[in-house]
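S.K.: Sequence:
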Amino acid sequence: MKIGSKIALFYTLISVLTTVIIIAVFYIFSTQYINKLYASYLREKAYLTAQKHWEKDEVDEQSYQIIQRKYDELLPEAHEILLNMDSLSEVRDTLNKYLTQHQQTLLLARQDSIPFSFKYKDQLGAALYYPDNEGNFIVLVMSRNAYGTEIKEHLLLLSIFLVLASSILIFFIGKIYSGRILVPLQHILKELKRIRANSLNRRLKTTGNNDELEDMIKTLNSMLDRLDSAFKAEKSFVSHASHELNNPITAIQGECEISLLKERSTGEYIESLQRISSESKRLSSLIRHLLFLSRQEEELLKNNVEEIILSDILKELTGSNERIRLHLEATEQQAVVKANPYLLKIALKNIIDNAYKYSDKEVNVALYREQQQVILEVEDQGIGIPQEEIEHIFQSFYRGSNTRDYAGQGIGLSLTLKIISAYHAKLDISSEIEKGTKVRVIF
Numbered sequence: 043m044k045i046g047s048k049i050a051l052f053y054t055l056i057s058v059l060t061t062v063i064i065i066a067v068f069y070i071f072s073t074q075y076i077n078k079l080y081a082s083y084l085r086e087k088a089y090l091t092a093q094k095h096w097e098k099d100e101v102d103e104q105s106y107q108i109i110q111r112k113y114d115e116l117l118p119e120a121h122e123i124l125l126n127m128d129s130l131s132e133v134r135d136t137l138n139k140y141l142t143q144h145q146q147t148l149l150l151a152r153q154d155s156i157p158f159s160f161k162y163k164d165q166l167g168a169a170l171y172y173p174d175n176e177g178n179f180i181v182l183v184m185s186r187n188a189y190g191t192e193i194k195e196h197l198l199l200l201s202i203f204l205v206l207a208s209s210i211l212i213f214f215i216g217k218i219y220s221g222r223i224l225v226p227l228q229h230i231l232k233e234l235k236r237i238r239a240n241s242l243n244r245r246l247k248t249t250g251n252n253d254e255l256e257d258m259i260k261t262l263n264s265m266l267d268r269l270d271s272a273f274k275a276e277k278s279f280v281s282h283a284s285h286e287l288n289n290p291i292t293a294i295q296g297e298c299e300i301s302l303l304k305e306r307s308t309g310e311y312i313e314s315l316q317r318i319s320s321e322s323k324r325l326s327s328l329i330r331h332l333l334f335l336s337r338q339e340e341e342l343l344k345n346n347v348e349e350i351i352l353s354d355i356l357k358e359l360t361g362s363n364e365r366i367r368l369h370l371e372a373t374e375q376q377a378v379v380k381a382n383p384y385l386l387k388i389a390l391k392n393i394i395d396n397a398y399k400y401s402d403k404e405v406n407v408a409l410y411r412e413q414q415q416v417i418l419e420v421e422d423q424g425i426g427i428p429q430e431e432i433e434h435i436f437q438s439f440y441r442g443s444n445t446r447d448y449a450g451q452g453i454g455l456s457l458t459l460k461i462i463s464a465y466h467a468k469l470d471i472s473s474e475i476e477k478g479t480k481v482r483v484i485f
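Per the numbering used here, the sequence shown starts with residue 43, numbered consecutively.
Calculated directly from the structure, the hints in this document are not laboratory data.
Some clues are possibly wrong.
Said to hold, decoys possible - Straight line, CA to CA, 25 Å or less: simulated SDA-like cross-link-like pairs of lysine to any residue:
hint, residue 1, residue 2
1, 399, 373
2, 403, 360
3, 94, 178
4, 78, 44
5, 161, 195
6, 399, 415
7, 480, 371
8, 274, 259
9, 480, 457
10, 477, 410
11, 477, 433
12, 139, 155
13, 94, 80
14, 94, 123
15, 98, 78
16, 163, 192
17, 403, 454
18, 44, 207
19, 387, 307
20, 48, 258
21, 98, 74
22, 161, 196
23, 391, 433
24, 112, 174
25, 460, 330
26, 357, 392
27, 399, 359
28, 78, 160
29, 163, 189
30, 235, 189
31, 247, 237
32, 94, 130
33, 161, 74
All chains should be modelled from the sequences, with the hints used to inform the complete structure.
M.R.: Rendered as structure tokens:
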């Protein structure tokens, strides 16, 4: 079922439910009012019946004629039962037939000539205890409320008709209204279907309205921005990877072809094999780094994670190199992190190697604590990184404009960032051209 139909159906159900409740309340109150009105007529009829039979000798002729006229006009079809309290057996049998025990007690206890209502089968009735100078009497008046029943039946049929008619009307109104509401969504869907891999630069048109649709369009455009960037990065990655993989393969192939052109001396073959071995190692290193880059962070996290003393790794990486100065301000207990030791060593080695490679002066490596964080700081006095290029240096195969004369593949920092991020650490780089670069790893 489409969203428009769901909205129309939901709107119809809510509206119909509300209509049913309103009509049901109206019907209940109407029927109760009809019953109460008819019961009041019966009580008045009971009192007029008593006056008609036992007040003739106590009122003047004109007053009695008024009583007679009212009696004749009010519910002429009512059934009357007159009982004399002197005939206790007849009174008991009759009352037992029409009234409950409680109603009988109430009737006999009141003795105030005020009638009360009761119900017998499908009839309404009124009972009256009427004391008179001629004796004590009981009047029962009963009648089936034919007109009231007919009115209630008509009300019920009208209510059912109104519910059905309103349901159909509300559904179609809801269908039309939901269709208008969904028009912008249909436009968005149409625009999204037009966006392909070769047209990820297209964006959805904003409405300018401060509503949920505008928020959704902005979110979709933001997602398209990320997809476009990711797609371009992937294309660039594949292009650079192909180029970098092709270079050592071409070199190996060329070396083999040259060696096979003619017979050579043992020394020449050894030199050729050494060049092939060097290119093979380069190719192997490149493939290994590419495999690491393709792995998910979850894989990095779950493999051989253990507590590592950072100072031990740094001592191993810096060794006895005279140009690298190691400053350990944090104790072994203060500089413990959880990570895969092999992967973390790769990440830190890349940072230190870069500092050493791009600088011919001292490289300072410091480890210290700052509040609750462990900080590793690597600072060199080398060629530096142009400010506009810092945001790009973590991209795979990206190399700075001033590093063309240095060996490298442009993979190290992207791999380092992936490993560091996998263990919830942060990498911060600041640099100035010809002054040096400072790299901070915050654990």
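S.K.: Quick one, are residue 399 and residue 359 close enough, alpha carbons at most 25 Å?
M.R.: This hinted pair holds, its Cα atoms lying about 14 Å apart.
S.K.: Given the proposed pairing of residue 78 with residue 160, does the C-alpha separation stay at or below 25 Å?
M.R.: OK: residue 78 and residue 160 at ~11 Å, within 25 Å.
S.K.: Would you mind confirming whether the straight-line C-alpha gap from residue 399 to residue 415 stays at or under 25 Å?
M.R.: Not OK: residue 399 and residue 415 at ~28 Å, beyond 25 Å, violated.
S.K.: Given the hint that residue 274 pairs with residue 259, does the C-alpha gap stay at or below 25 Å?
M.R.: Judged against 25 Å, a Cα distance of about 22 Å means the pair holds.
S.K.: Decide if the proposed pair is consistent with the structure: residue 94 and residue 178, CA atoms, cutoff 25 Å inclusive.
M.R.: Holds: residue 94 and residue 178 sit about 15 Å apart, inside 25 Å.
S.K.: Quickly compare the C-alpha distance for residue 477 and residue 433 to 25 Å and report which way the hint goes.
M.R.: Between residue 477 and residue 433 the Cα gap is close to 19 Å, so the pair holds against 25 Å.
S.K.: So if I understand the rule, the pair passes when the alpha-carbon distance is 25 Å or less; does residue 399 with residue 373 pass?
M.R.: At roughly 29 Å apart (the allowed maximum being 25 Å), residue 373 and residue 399 break the hint.
S.K.: Quickly compare the C-alpha distance for residue 98 and residue 74 to 25 Å and report which way the hint goes.
M.R.: 36 Å, violated
S.K.: Straight-line Cα separation of residue 403 and residue 360 no greater than 25 Å?
M.R.: 15 Å, holds
S.K.: Please work out if residue 161 and residue 74 have their alpha carbons no farther apart than 25 Å.
M.R.: Roughly 14 Å between the alpha carbons, so the hint for residue 161 and residue 74 holds.
S.K.: Is residue 78 close enough to residue 44, meaning Cα to Cα at most 25 Å?
M.R.: Cα-Cα ~50 Å, so violated.
S.K.: Checking one constraint from the list: CA of residue 163 to CA of residue 189, max 25 Å. Satisfied?
M.R.: Distance ~17 Å between residue 163 and residue 189 Cα, so the pair holds.
Violation of the numbered hints given earlier is confined to hints 1, 4, 6, 15, 19, 21, 30; the remaining hints are satisfied by the structure.
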